[in-house]
Amino acid sequence: MADEIRRNMALFPIGIVMKLTDLSARQIRYYEQHNLIVPARTSGNQRLFSFNDVERLLEIKALIDKGVNIAGIKQVMNPMTKESTEATVITHDTEEKRKVLTDSQLYRMLKQQLVTGKRPGQVSLIQGELSRFFK
DNA sequence: CTTCTAACA
DNA sequence: TGTTAGAA
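The numbering of the first sequence is the UniProt record's numbering, which starts it at 1 and goes up by one.
Hints are computed from structural coordinates only; laboratory data are not their basis.
Just so it is clear, CB atoms sit at the ideal spot from N, CA and C, and this is done for glycine as well.
Keep in mind that the hints are not guaranteed to be accurate.
No farther apart than 20 Å at their CA atoms in a straight line, the calculated lysine to aspartate or glutamate pairs in the EDC-like style are these [to be verified]:
(1) Lys61 / Glu32
(2) Lys66 / Asp22
(3) Lys19 / Glu59
(4) Lys61 / Asp22
(5) Lys74 / Glu32
(6) Lys66 / Glu55
(7) Lys74 / Glu59
(8) Lys19 / Asp65
(9) Lys74 / Glu55
(10) Lys19 / Glu32
(11) Lys19 / Glu55
Quick list of simulated restraints, FRET-style, between CB atoms [claimed, not checked]:
(12) Leu48 / Met1: 20 to 30 Å
(13) Lys61 / Asn8: 15 to 25 Å
(14) Ala71 / Ala2: 34 to 44 Å
Generate coordinates for the entire structure from the input sequences, incorporating the hints supplied.
Okay, here's the thing in structure tokens:
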């Protein structure tokens, strides 16, 4: 449990994180606006990222590189615990509720794709094809 | 010099 | 997402 403390210690400023993650300051701040990360702040309002924040950003980057949008990333990062049947999806500025696989199932698939770049025998979970999971 | 917010020829 | 202005 002492390791967790160190993992969550706010240590580096955005400049270091940019190099560590190869993400632009704009992107890092943008992801924070969408609550994908919650870096600490100094008394001067400057962001201080923890080791966990950096790892989180690397995961986000991996998903972005695979074409997953913000809504999709939120599904992977904050998977809903219960087996809900609906999910809120953002499509071209419109928010709609659609039936989808249980979140736990989608989570396993997205995580699997993130780790092993493959899936049992399915379609891709990228932007345009994410719709294939709805019916 | 680095980072922050807000805004868009 | 990039970029920029103005402030801290």
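Quiz prompt | Hint numbers contradicted by this structure | solution = Per hint list: zero violations.
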